[in-house]
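Engineer: Sequence:
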Amino acid sequence: MYSAKGSSALYDGETKKERNAISMEPRAVRLMSRRYNLTATGFKFLEIGINVGPPSYVEIALGDHRGQELILSLETWKGFHEQQWNIYKLLRNNYKDNFISRTVNSPSLYDEQRYTRTS
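Start counting the sequence shown at 2; every next residue gets the next number (our numbering).
Derived from the structure by calculation, the hints contain no laboratory data. It cannot be assumed that every hint is accurate.
As the list claims (entries may be wrong) - Calculated cross-link-like contacts (lysine to any residue; reagent style SDA-like; alpha-carbon spacing at most 25 Å): (1) Lys45 to Leu32; (2) Lys45 to His82; (3) Lys90 to Gly68; (4) Lys79 to Met33.
Being a predicted model, the structure only gives us computed values, none of them experimental.
Kindly produce the complete structure, drawing on both the sequences and the hints.
Structural biologist: Laid out in structure tokens, this is it:
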């Protein structure tokens, strides 16, 4: 699984063949994708795009400027969407001093009516 940089130690039943293996599967091409910055510097972002391949599908990924990505499954995204108001309240309450308000250019993940709801 994981090894320290420059280390030859193997972890969690990993074999030398597994550790040195490079995925040769071609990555699907992501068309019409859009990135939404999650930090002011753009270090982390949310990317939504259409992957072309047999079959084509919408892909939602969290990524950073180093090229690392975490692909979110449809079930995970639906869970976030169902809990969006709770997540918004949690972030607003925990980060009152650093809370970023929405601007005209920010993505509209929530409809405006939900901002005016009272708890």
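Engineer: So, for every hint listed, does it hold in this structure?
Structural biologist: Results for each hint:
1. Taken as a hint, the Lys45 and Leu32 pair is honoured in the structure, with Cα atoms around 20 Å apart against an allowance of 25 Å.
2. Pair hint Lys45 plus His82 holds up; C-alpha atoms about 20 Å apart against a cutoff of 25 Å.
3. Straight-line distance between C-alpha atoms of Lys90 and Gly68 comes to about 30 Å, which puts the hinted pair past the 25 Å bound.
4. With a C-alpha separation of about 21 Å, the suggested pairing of Lys79 with Met33 holds against the 25 Å cut-off.
Of the numbered hints listed earlier, the single one contradicted by the structure is hint 3.
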